[in-house]
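Enquirer: Required output: the full structure, derived from the provided sequences and hints.
Heads up: the sequence lines are chains R and D, in that order.
Residue numbering for the first sequence follows our numbering, starting at 1 and increasing by one per position.
Residue numbering for the second sequence follows our numbering, starting at 1 and increasing by one per position.
Simulated from the structure, these hints should not be mistaken for laboratory data.
Where hints are given, some of them may not hold.
Any copy will do: because identical chains look the same in the list, a pair fits if it lies in one copy or spans two.
Once the Cα atoms are required to be at most 25 angstroms apart in a straight line, the calculated SDA-like pairs of lysine to any residue come out as [what the hints assert, rightly or not]:
#: 1; residue 1: LYS43; residue 2: HIS110
#: 2; residue 1: LYS125; residue 2: TYR157
#: 3; residue 1: LYS125; residue 2: THR38
#: 4; residue 1: LYS25; residue 2: THR148
#: 5; residue 1: LYS51; residue 2: MET37
Because the structure is a prediction, the values reported are computed rather than measured.
Number of protein chains: 2
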Amino acid sequence: MANSSALPLVELAEQFAKLPGIGMKTAQRLSFFVMNMTDAEAKEFADAIIKAHSTVHCCAVCQNLTDREICPICDDLSRDRSLICVVESPKDVTAFERTNEYKGMYHVLHGLISPIDNITPDKLKIKELLSRISDGTVKEVIMATNPTVEGEATAMYISKLLKPLGVKVTRLAFGLPVGAILEYADEVTLFKALENRNEM
Amino acid sequence: MANSSALPLVELAEQFAKLPGIGMKTAQRLSFFVMNMTDAEAKEFADAIIKAHSTVHCCAVCQNLTDREICPICDDLSRDRSLICVVESPKDVTAFERTNEYKGMYHVLHGLISPIDNITPDKLKIKELLSRISDGTVKEVIMATNPTVEGEATAMYISKLLKPLGVKVTRLAFGLPVGAILEYADEVTLFKALENRNEM
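Expert: Next comes the structure, spelled out in structure tokens:
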């Protein structure tokens, strides 16, 4: 309970506690912090949630989250359109962009194949990836899913679909520690993993 | 940056990063979590912030946060009105209520005297405390501020104001926390535990 004396405070703490990695005690601390904000600050916070949620959607090309029709990366004519880096989630795009070394395109799957969680290939943005390959611009697809069971399975599955289309399919090098989460990898490790990618 | 492709997402992450104990990477993770909420869930979250912020204020009696005129604790006729426990913040009220042992009233100061941070006594709810003493109902005031420099100074300051009013002023006992390991206790705590030893 945030505070037995104020139901709206308890309700706010319960909202914070729904967020990943935030327990009831931290949630309570956060809601007390919100109470000490000015009216304008609290409104700005609430508006940011609504605005992000209502204006951000998938890019029509790469499926990354964006507030435009086509995201700035897909819209950037200086980037190498012959190369697509396939990732699980938008967080991974951010991680690769932080390396400042990768100048190709991306494709965000929005998940990994996981039959146990009822995530079948048709629930991922795989057909959108295949349609991007069809016009012959793309020469290489880098499978950059996490080095976990689901990540490997998804990479294998997509690789088998892509190879008949005559496109080179590569996999991130195992410079990454197996079992690690891509989003937390440091820039150098991530760059090495990109540089040493192998053909699948 | 939350994601270079979507400004509203970056803005939401910046809002989360303002919260205590939340860095930019966690803020980014939280904003991606919000993106995966349903519209209704996101609205509920934003509304909880606005509602808590707009409806919760200080109780007219004890200054604890509440959404009513008088908080449920002050409104509870079964509680002992001759006893007031003076605390720094609403969080401390919650902590005492969790013990399920204290049945007196509270008074929330909303801060501690700290000249270095420009927090002078007039910025705390001290005059509200003094006015509660005037009608003679209160027999004892427990100073339950933290055992820090500011907490001690505030307890001393208020105690000097209260004593001439003929009210008994007490301070929380210092000693070893239950379950503590003696060898790791700091010197001051150990000295206090020795000094305040009780007959068995």
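Enquirer: So, for every hint listed, does it hold in this structure?
Expert: Against the structure, the hints:
1. LYS43 - HIS110: Cα proximity of LYS43 and HIS110: across copies only (23 angstroms, versus 30 angstroms in one copy).
2. LYS125 - TYR157: Intra 13 angstroms, inter 65 angstroms, cutoff 25 angstroms: intra-copy only.
3. LYS125 - THR38: For LYS125 and THR38, only the inter-copy Cα distance (19 angstroms) is at most 25 angstroms; the intra-copy one is 42 angstroms.
4. LYS25 - THR148: between (32 angstroms within a copy, 22 angstroms between copies)
5. LYS51 - MET37: Classified as both: same-chain Cα gap 20 angstroms, cross-chain 13 angstroms, threshold 25 angstroms.
Of the numbered hints given earlier, the model fails none.
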